[in-house]
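> Residue-level listing of the chains:
There are 2 protein chains.
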Amino acid sequence: MTTVGVLLESEGRERRVALTPDGAARLRKQDVEVLVEAGAGRRAWFEDVGYADAGCVVVPRGQVYADSDVLLCLRPPGDLASARPGQVLVGLLGPLGDPALAQSLAAAGLTAISLDLLPRTLSRAQSMDALTSQANVAGYKAALLAAEAYPGFFPMLMTAAGTTRPAQVLVLGAGVAGLQAIATARRLGAQVTGYDVRDAARADLASTGAAVLELSTPRAEAEGGYARELTAGEAEAQLRGMAGAVPRFDVVITTAQVPGGRPPLLVTAAALAGMRPGSVVIDLASTAEGGNVEGSIPDTRTVTTEGVTVIGAANLASTVPGAASTAYGRNVLALLAMLMPHGEVVLDLDDEILSAVTVSHGGRVVHPRVRALLDDSKEIHS
Amino acid sequence: MTTVGVLLESEGRERRVALTPDGAARLRKQDVEVLVEAGAGRRAWFEDVGYADAGCVVVPRGQVYADSDVLLCLRPPGDLASARPGQVLVGLLGPLGDPALAQSLAAAGLTAISLDLLPRTLSRAQSMDALTSQANVAGYKAALLAAEAYPGFFPMLMTAAGTTRPAQVLVLGAGVAGLQAIATARRLGAQVTGYDVRDAARADLASTGAAVLELSTPRAEAEGGYARELTAGEAEAQLRGMAGAVPRFDVVITTAQVPGGRPPLLVTAAALAGMRPGSVVIDLASTAEGGNVEGSIPDTRTVTTEGVTVIGAANLASTVPGAASTAYGRNVLALLAMLMPHGEVVLDLDDEILSAVTVSHGGRVVHPRVRALLDDSKEIHS
Numbered sequence: 001m002t003t004v005g006v007l008l009e010s011e012g013r014e015r016r017v018a019l020t021p022d023g024a025a026r027l028r029k030q031d032v033e034v035l036v037e038a039g040a041g042r043r044a045w046f047e048d049v050g051y052a053d054a055g056c057v058v059v060p061r062g063q064v065y066a067d068s069d070v071l072l073c074l075r076p077p078g079d080l081a082s083a084r085p086g087q088v089l090v091g092l093l094g095p096l097g098d099p100a101l102a103q104s105l106a107a108a109g110l111t112a113i114s115l116d117l118l119p120r121t122l123s124r125a126q127s128m129d130a131l132t133s134q135a136n137v138a139g140y141k142a143a144l145l146a147a148e149a150y151p152g153f154f155p156m157l158m159t160a161a162g163t164t165r166p167a168q169v170l171v172l173g174a175g176v177a178g179l180q181a182i183a184t185a186r187r188l189g190a191q192v193t194g195y196d197v198r199d200a201a202r203a204d205l206a207s208t209g210a211a212v213l214e215l216s217t218p219r220a221e222a223e224g225g226y227a228r229e230l231t232a233g234e235a236e237a238q239l240r241g242m243a244g245a246v247p248r249f250d251v252v253i254t255t256a257q258v259p260g261g262r263p264p265l266l267v268t269a270a271a272l273a274g275m276r277p278g279s280v281v282i283d284l285a286s287t288a289e290g291g292n293v294e295g296s297i298p299d300t301r302t303v304t305t306e307g308v309t310v311i312g313a314a315n316l317a318s319t320v321p322g323a324a325s326t327a328y329g330r331n332v333l334a335l336l337a338m339l340m341p342h343g344e345v346v347l348d349l350d351d352e353i354l355s356a357v358t359v360s361h362g363g364r365v366v367h368p369r370v371r372a373l374l375d376d377s378k379e380i381h382s
Numbered sequence: 001m002t003t004v005g006v007l008l009e010s011e012g013r014e015r016r017v018a019l020t021p022d023g024a025a026r027l028r029k030q031d032v033e034v035l036v037e038a039g040a041g042r043r044a045w046f047e048d049v050g051y052a053d054a055g056c057v058v059v060p061r062g063q064v065y066a067d068s069d070v071l072l073c074l075r076p077p078g079d080l081a082s083a084r085p086g087q088v089l090v091g092l093l094g095p096l097g098d099p100a101l102a103q104s105l106a107a108a109g110l111t112a113i114s115l116d117l118l119p120r121t122l123s124r125a126q127s128m129d130a131l132t133s134q135a136n137v138a139g140y141k142a143a144l145l146a147a148e149a150y151p152g153f154f155p156m157l158m159t160a161a162g163t164t165r166p167a168q169v170l171v172l173g174a175g176v177a178g179l180q181a182i183a184t185a186r187r188l189g190a191q192v193t194g195y196d197v198r199d200a201a202r203a204d205l206a207s208t209g210a211a212v213l214e215l216s217t218p219r220a221e222a223e224g225g226y227a228r229e230l231t232a233g234e235a236e237a238q239l240r241g242m243a244g245a246v247p248r249f250d251v252v253i254t255t256a257q258v259p260g261g262r263p264p265l266l267v268t269a270a271a272l273a274g275m276r277p278g279s280v281v282i283d284l285a286s287t288a289e290g291g292n293v294e295g296s297i298p299d300t301r302t303v304t305t306e307g308v309t310v311i312g313a314a315n316l317a318s319t320v321p322g323a324a325s326t327a328y329g330r331n332v333l334a335l336l337a338m339l340m341p342h343g344e345v346v347l348d349l350d351d352e353i354l355s356a357v358t359v360s361h362g363g364r365v366v367h368p369r370v371r372a373l374l375d376d377s378k379e380i381h382s
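Chains as they are written, first to last, in UniProt numbering: chain A, 1 to 382; chain B, 1 to 382.
Source of the hints: derived by calculation from the structure; they are not laboratory data.
Treat each hint with caution, since some may be false.
[Unchecked claim] Negatives, chain B to chain A, calculated, CB over 10 Å:
| hint | residue |
| --- | --- |
| 1 | R28 |
| 2 | E47 |
| 3 | E148 |
| 4 | L157 |
| 5 | A206 |
| 6 | G274 |
| 7 | R276 |
| 8 | T326 |
[Stated by the list, open to error] Some chain A residues near chain B, calculated using beta-carbon distances under 7 Å:
| hint | residue |
| --- | --- |
| 9 | W45 |
| 10 | V49 |
| 11 | A52 |
| 12 | D53 |
| 13 | A54 |
| 14 | S127 |
| 15 | A147 |
| 16 | A149 |
| 17 | T163 |
| 18 | P166 |
| 19 | Y226 |
| 20 | A273 |
| 21 | G274 |
| 22 | G278 |
| 23 | P321 |
| 24 | K378 |
Glycine included, every Cβ here is placed at the ideal spot set by N, Cα and C.
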């Protein structure tokens with residue numbers, strides 16, 4: 001019988017868990033053994049007793065490593081040395097951003113499967129699309145966070161003493177996170193405007209009922225539905241246009257990503273300086289190396305000298321841990337259904353999806369793009 | 001010419017200001033001089049320069065006291081000794097909860113006008129109804145705070161990997177705050193149930209589209225649209241019924257007040273213990289002497305051993321300071337229009353509204369109910 005193990009996330013601020021008790025119960029029905037590390041779900045309010053009630057065995061971390069055929073996580077565990085060669089590890093491992101990790105996974109003999117490598121345009125892959133499910137949660141929370149930090153009302157309110165105008169919200173980037181932020185801000189009654197460099201995304205924007213911000217910058221579609229990186233001249237023009245537009249808004253939520261690259265700068269310090277005191281800017285692309293908003297710091301709330309609150313919101317999905325874990329667990333179950341069609345692991349590397357998401361296998365990094373990145377860095381260092 | 005002065009609130013956590021630059025501009029149009037204490041609006045993001053642009057003079061606190069005919073505040077200032085006899089002070093002074101303050105106001109020679117004494121059922125008074133305008137803001141923020149703290153989604157979401165059920169929200173007390181909390185939670189897509197002991201309020205509940213929780217407790221209407229205090233037996237039955245109902249919900253928002261009395265206990269520790277881990281309870285009636293929820297602490301977030309987050313939300317209006325100050329300022333302007341019909345203060349104590357809101361005048365406490373409270377306490381202490 002196959003055994004699936006659920007690890008407690010190593011990163012202390014990460015509140016999600018890779019499988020909920022409900023998800024575990026579905027595996028149990030298929031006669032899969034489920035080991036859960038003690039406390040794995042606690043930060044998401046899934047208590048050990050809930051897993052036990054679902055038919056799981058709650059054990060210490062060492063035993064999860066020792067006795068599991070398949071290990072489930074979100075971020076890569078900090079103690080890969082505990083893994084056994086031949087074990088399968090499923091997570092959001094981010095090997096394109098950290099190719100050295102892929103080497104460690106291979107060296108540990110793990111068959112590492114990373115859901116962020118999923119070919120998102122295949123309809124068969126949609127139920128496994130963890131980037132989408134987590135971006136959906138992040139976009140929802142971004143709108144809530146903005147409403148919470150904004151000193152006025154989002155909706156228009158009419159009272160005996162007068163009427164207040166609705167908040168003007170601008171959402172940059174109309175991917176999953178951006179569209180969900182738009183939907184949530186609109187639910188709250190704000191007047192929402194969206195912006196994206198991709199033609200298809202502008203059509204999505206219009207379909208939400210949001211207004212569309214038009215800047216005199218070119219379209220920039222790339223493969224797989226992502227945006228391509230703009231040329232220096234295009235980016236410069238975009239920044240100028242944005243600096244003119246941003247001060248008209250009370251709230252700006254930025255969600256623009258370029259796969260494998262640094263997030264584009266969209267809102268400069270000069271644009272922030274033009275906003276009214278009390279305005280709120282949420283940067284979902286905030287990283288230590290910079291985000292969409294100049295000066296945003298991950299997981300930190302800063303206030304500019306002009307009175308604009310800038311929130312670097314690096315991992316918002318983790319702050320809605322119940323919803324995010326439930327959605328992620330469903331993605332994992334959909335993957336396991338393909339990986340273990342008859343209850344046993346069968347890694348079919350001829351399958352379009354499985355070959356796309358497998359990072360390492362049999363002691364080698366097998367993912368072509370990750371290998372190319374490793375080869376590049378070898379050349380640089382040799 | 002009459003001079004109106006705007007004070008910086010003495011309580012450091014209070015972020016509201018009694019008049020916004022827009023409100024001040026309306027007074028200036030009527031040739032009223034407006035003095036604003038430096039920094040008075042800053043915590044609500046109304047900068048001194050905004051007041052100056054509106055035609056106000058920004059001055060130190062001492063000069064506001066020295067040169068104003070009418071002083072505007074929310075909570076009673078901490079330095080009443082700085083006031084001049086004959087000055088008018090307008091605020092939310094709460095003399096029924098603190099009759100000793102009324103004596104201090106009289107001793108300072110102030111004509112003190114407290115908007116919380118407004119006869120709320122008079123339609124002429126509605127535009128001055130600061131309790132309503134601030135409760136409206138508090139109810140809005142309560143729903144946002146609940147959504148922010150709740151680990152799941154408020155709305156039902158359908159994705160490729162499955163559907164999540166909407167959050168079940170219970171709102172206790174269908175006054176202004178409760179109804180606005182219901183409206184906001186419903187905007188966010190939650191399934192909302194309301195409860196109130198008053199028949200009229202149950203009708204209001206039904207009109208919002210919320211479900212109505214029925215307990216086998218009697219109706220309890222009192223004067224002025226408020227609820228009366230329940231008898232011990234009635235309260236006991238209500239607590240039992242509530243303990244049975246509360247665990248069915250993911251989020252509970254409590255807003256029940258009894259005027260002049262302690263807020264009723266509605267959610268016991270036993271009821272909290274029955275809720276699922278991750279549930280959220282927001283107590284808008286939280287005070288140092290207790291609130292609607294057992295164990296709630298004002299301005300504090302606690303988590304029970306069962307994993308229920310309890311938020312004591314004593315002064316939520318202050319946390320949406322822009323909207324709250326704008327609304328309060330409009331209430332104050334409506335009062336001033338009556339108090340200064342031709343630009344000069346004329347205190348007509350024969351007017352139904354002005355007589356109801358005036359606490360002290362000519363060195364004496366003139367409000368009958370406040371005087372009765374003072375007489376009672378004299379008898380107790382003699």
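> Against this structure, judge whether each hint is valid.
For each hint, the structure was consulted:
A cut-off of 10 Å between C-beta atoms confirms that B:R28 is not in contact with chain A; the least separation is 18 Å. For B:E47, the condition that its CB be more than 10 Å from all CB atoms of chain A is violated, with the nearest at approximately 6 Å. Taking the minimum C-beta to C-beta distance to chain A, about 5 Å, the non-interface status of B:E148 is violated against the 10 Å cut. With a minimum CB-CB distance of about 7 Å to chain A, B:L157 fails to clear the 10 Å threshold, and the non-interface call is violated.
Look at B:A206: its CB is around 21 Å from the nearest CB on chain A, clear of 10 Å, so calling it non-interface holds up. Listed as a non-interface residue, B:G274 keeps its Cβ farther than 10 Å from every Cβ of chain A; the least gap is roughly 15 Å. Here B:R276 does not stay apart from chain A, with its beta-carbon only about 8 Å from theirs, under the 10 Å limit. For B:T326, the requirement that its beta carbon stay farther than 10 Å from each beta carbon of chain A is not met, with the minimum near 6 Å.
The criterion of a C-beta within 7 Å of any C-beta in chain B is met by A:W45, whose closest approach is roughly 3 Å, and the hint holds. Interface restraint check: A:V49 against chain B, minimum CB-CB distance 10 Å, threshold 7 Å, status violated. Because the beta carbon of A:A52 sits about 14 Å from the nearest beta carbon in chain B, more than 7 Å, this interface hint is broken. Interface restraint check for A:D53: the shortest CB-CB distance to chain B comes to about 13 Å, outside 7 Å, so the restraint is violated.
Given hint, A:A54 at the interface with chain B, is violated; its Cβ is 15 Å from that chain's nearest Cβ, farther than 7 Å. Among the interface hints, the one on A:S127 holds; its C-beta lies about 5 Å from the nearest C-beta in chain B, closer than the 7 Å criterion. Hint status for A:A147: holds, given a least beta-carbon distance of 5 Å to chain B, under 7 Å. For A:A149, the interface hint is violated, since its Cβ never comes within 7 Å of a Cβ in chain B; the closest pair sits about 10 Å apart.
Among the interface hints, the one on A:T163 is violated; its C-beta lies about 10 Å from the nearest C-beta in chain B, farther than the 7 Å criterion. A hinted interface residue such as A:P166 counts as satisfied when its beta carbon comes closer than 7 Å to some beta carbon of chain B; here the least separation is about 11 Å, so the hint is violated. Interface restraint check: A:Y226 against chain B, minimum CB-CB distance 19 Å, threshold 7 Å, status violated. Because the closest C-beta pair between A:A273 and chain B is about 14 Å apart, greater than 7 Å, the hint is violated.
The interface hint given for A:G274 is broken, as the beta carbon of that residue sits about 15 Å from the closest beta carbon of chain B, more than 7 Å. Residue-level restraint check for A:G278 holds (minimum Cβ-Cβ distance to chain B is 3 Å; threshold 7 Å). For A:P321, the shortest C-beta to C-beta distance to chain B is roughly 5 Å, which falls under 7 Å, so the interface hint holds. Checking A:K378 against chain B by beta carbon gives a least distance of about 38 Å; that is not within 7 Å, so the hint is violated.
In this structure, the earlier hints numbered 2, 3, 4, 7, 8, 10, 11, 12, 13, 16, 17, 18, 19, 20, 21, 24 are contradicted, and the remaining ones agree with it.
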